[in-house]
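Put together the whole structure using the sequences plus the hints.
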Amino acid sequence: MLNTEALFLKLLRFVSVTPDDGGAFLFIKEYLNDFEAIEINVENTKNLFLYKRFGEGPHLCFAGHIDVVPAGHGWQSEPFEPLVKEGIVYARGAQDMKSGVCALLQALKSTNHFQGTLSALLTSDEEGDAKHGTIEVLKALKERSFLPDYAIVAEPTSELIFGDAIKIGRRGSINGVIEITGKQGHAAYPEKAINPVHQVAPVLHKLAGHLLDAGDEDFTPSQMVITDIRGGMEVSNVTPGNLKMMFNVRNSTKTDVEKIRMYVESVLEGMNFSLRLSESAQPFVTCKDSRIVKVLSSALLHVKGKIPKLSTAGGTSDARFFGSFGIATVECGVVNDTIHAPNECCPLSEVDSLVEVFKNVIENFEKEDV
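Numbering-wise, the working numbering comes out as the position in the sequence shown, counting from 1, plus 499.
Honestly, the hints are just simulated from the structure, not real lab data.
One or more hints might be untrue.
[Claimed, not checked] Below, in silico cross-link-like pairs of lysine-lysine (BS3-like), each with a Cα-Cα straight-line distance of 30 Å or less:
1. K682 with K743
2. K551 with K858
3. K608 with K805
4. K866 with K805
5. K858 with K808
6. K758 with K787
7. K551 with K803
8. K608 with K638
9. K866 with K509
10. K608 with K641
11. K584 with K509
12. K608 with K803
13. K805 with K743
14. K641 with K793
15. K858 with K509
16. K551 with K866
17. K858 with K528
18. K753 with K638
19. K608 with K528
20. K705 with K753
21. K551 with K509
22. K551 with K528
23. K551 with K630
24. K528 with K691
25. K743 with K608
26. K630 with K509
27. K787 with K858
28. K753 with K803
29. K584 with K551
30. K608 with K858
31. K803 with K787
32. K793 with K805
33. K641 with K630
34. K638 with K787
35. K866 with K803
[Unchecked claim] Label-pair restraints from in silico Cβ distances:
36. M761 with A700: 18 to 26 Å
37. G708 with E865: 42 to 50 Å
38. H685 with H839: 40 to 48 Å
39. M745 with R790: 35 to 43 Å
40. K682 with L774: 14 to 22 Å
The beta-carbon is built from N, C-alpha and C at its ideal position, and this holds for glycine as well.
Structure (structure tokens):
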């Protein structure tokens, strides 16, 4: 068994830019060689599910992705040759999320006793479209009646210091495209044209930044965020005939596609417009009283001496797929402050702490006094 630093550096050296695993899954299968392996590969995406039955108790799954975004420019060191400097590791994927993959592998590797089944679900398609990754594995597990009861996704969830926050849910994501059709004409004769910019201007405030619900104790309000507006021909003497507006809503469980559709239609009533809505992620939340939330919070208290904040903030992750299958899911990982950036980095101490947290979760999962 490698020590945590050696394993972390090994994982970081795999050039696993989405959707390529870079050879990492072959190594991981060999590393957890006492776990049964299920490989589910769809098109150019590789997925690896490893499991070990210890007993007849619950099925606890640790999940993550081996793929990373491209390195980009501006690095002070080689992105895929990790540099350790003053206890901090610099490499692409150091935070997002080979730190989490390293921690879950170490925790599983060192476990000898558990009441039920332990597993790891890993994909090479999280940073991309995520169409052939975690969702496909969960579909296959459902067909085998082998879905986990609980899941921990090892995404970087800490905010300022390790262990200060975990995620117990995620907002959904709904994208919208509005196209308003007017009548193009000469700017000198506005009465002969129908200007869609002028049409939308008086009601734009009803769309931009509008709160579709009031939120609740788990979620902030669902807000319409205008991401793009364009119309016209970039000349000053032609009235535009069309206007296109794009928006995104990170929605709570109180807002859905139909609610957004009805609201936009009411605001734009009387205009000649079309509306396209697409949902890329559904919101989910795990009950605060769920065993997985309690055990993970207790583990962080034991390792770091502080109860974490329970959050649903941020973008989407593969945790949404677990949530859609009714699996009680939480996310826990290192600090998130350099992900996707040049010189992405992570302190080794945080990875060590995450290993201890996951080991504590496994050890205490079935204790009644948690």
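A quick look at each hint next to the structure:
1. Under the criterion of a C-alpha separation no larger than 30 Å, the hint pairing K682 with K743 is consistent with the structure, at around 14 Å.
2. Straight-line distance between C-alpha atoms of K551 and K858 comes to about 15 Å, which keeps the hinted pair within the 30 Å bound.
3. Using a Cα cut-off of 30 Å, the hinted pair K608 and K805 holds, with the two alpha carbons roughly 26 Å apart.
4. Proposed proximity of K866 and K805 is supported: the alpha carbons are some 20 Å apart, at most 30 Å.
5. Restraint check: the Cα-Cα separation between K858 and K808 comes to about 20 Å, which is no more than 30 Å; the hinted pair holds.
6. Taking the CA atoms of K758 and K787, the gap is about 27 Å. The hint holds against a cut of 30 Å.
7. Of the pairs offered as hints, the one joining K551 and K803 holds, with about 29 Å between alpha carbons and a cut-off of 30 Å not exceeded.
8. With a C-alpha separation of about 26 Å, the suggested pairing of K608 with K638 holds against the 30 Å cut-off.
9. A C-alpha spacing of about 34 Å is found between K866 and K509, which places the hinted pair above 30 Å, so the restraint is violated.
10. As the CA atoms of K608 and K641 are separated by approximately 25 Å, the hinted pair is consistent with the 30 Å bound.
11. For the hint pairing K584 with K509, the CA-to-CA distance comes to about 16 Å; that is within 30 Å, so the pair holds.
12. With a C-alpha separation of about 22 Å, the suggested pair K608 and K803 falls inside the 30 Å cut-off, and the hint holds.
13. A hinted pair counts as satisfied when its Cα atoms are at most 30 Å apart, and K805 with K743 does not qualify at roughly 49 Å.
14. At roughly 26 Å between alpha-carbon atoms, K641 and K793 fall within 30 Å of each other, so this suggested pair holds.
15. For the proposed pair K858 and K509, the alpha carbon gap of about 21 Å is at most 30 Å, so the pair holds.
16. Between K551 and K866, the direct Cα distance comes to roughly 20 Å. Compliance with the 30 Å bound is thereby established for this hinted pair.
17. Simply put, K858 and K528 have alpha-carbon atoms about 20 Å apart, close enough for the 30 Å limit, and the pair holds.
18. For a cut-off of 30 Å, the pair hint linking K753 to K638 stands: about 26 Å separates their Cα positions.
19. Annotation: proposed proximity of K608 to K528 holds, straight-line Cα distance about 11 Å (limit 30 Å).
20. The suggested pairing of K705 with K753 holds, with an alpha-carbon distance near 19 Å, which does not exceed 30 Å.
21. For the suggested pair K551 and K509, the alpha carbons sit about 24 Å apart, so the restraint of at most 30 Å is met.
22. For the hint linking K551 to K528, the alpha-carbon distance of about 13 Å falls within 30 Å, and the restraint holds.
23. For the hint pairing K551 with K630, the CA-to-CA distance comes to about 27 Å; that is within 30 Å, so the pair holds.
24. The suggested pairing of K528 with K691 is violated, with an alpha-carbon distance near 70 Å, which exceeds 30 Å.
25. Among the hinted pairs, K743 with K608 is inconsistent with the structure: their alpha-carbon atoms are about 53 Å apart, more than 30 Å.
26. Distance restraint check for K630 and K509: the Cα-Cα separation of roughly 27 Å lies within the 30 Å cut-off, and the hinted pair is therefore satisfied.
27. Between the alpha carbons of K787 and K858 the distance comes to roughly 21 Å, so the proposed pair stays at or under 30 Å and holds.
28. A threshold of 30 Å between alpha carbons decides the hint, and for K753 with K803 the separation of about 34 Å lies outside it, so the pair is violated.
29. This hinted pair does not check out: K584 and K551 have alpha carbons roughly 37 Å apart, beyond 30 Å.
30. Between the alpha carbons of K608 and K858 the distance comes to roughly 10 Å, so the proposed pair stays at or under 30 Å and holds.
31. The suggested pairing of K803 with K787 holds, with an alpha-carbon distance near 20 Å, which does not exceed 30 Å.
32. Restraint check: the Cα-Cα separation between K793 and K805 comes to about 13 Å, which is no more than 30 Å; the hinted pair holds.
33. Between K641 and K630 the alpha-carbon distance is near 17 Å, which keeps this suggested pair within the 30 Å criterion.
34. Between the alpha carbons of K638 and K787 the distance comes to roughly 26 Å, so the proposed pair stays at or under 30 Å and holds.
35. Distance hint between K866 and K803 is fulfilled; the C-alpha atoms sit about 20 Å from each other, no more than 30 Å.
36. For the pair M761 and A700, the beta carbons lie near 22 Å from each other, so the given range of 18 to 26 Å is met.
37. The given range of 42 to 50 Å is respected by G708 and E865, whose C-beta atoms sit roughly 47 Å from each other.
38. Hint check: H685 to H839, Cβ distance near 47 Å, so the stated range 40 to 48 Å holds.
39. Between M745 and R790 the C-beta distance comes to about 41 Å, which sits within the given range of 35 to 43 Å.
40. For K682 and L774, the Cβ-Cβ distance of about 20 Å falls inside the hinted range of 14 to 22 Å, so the restraint holds.
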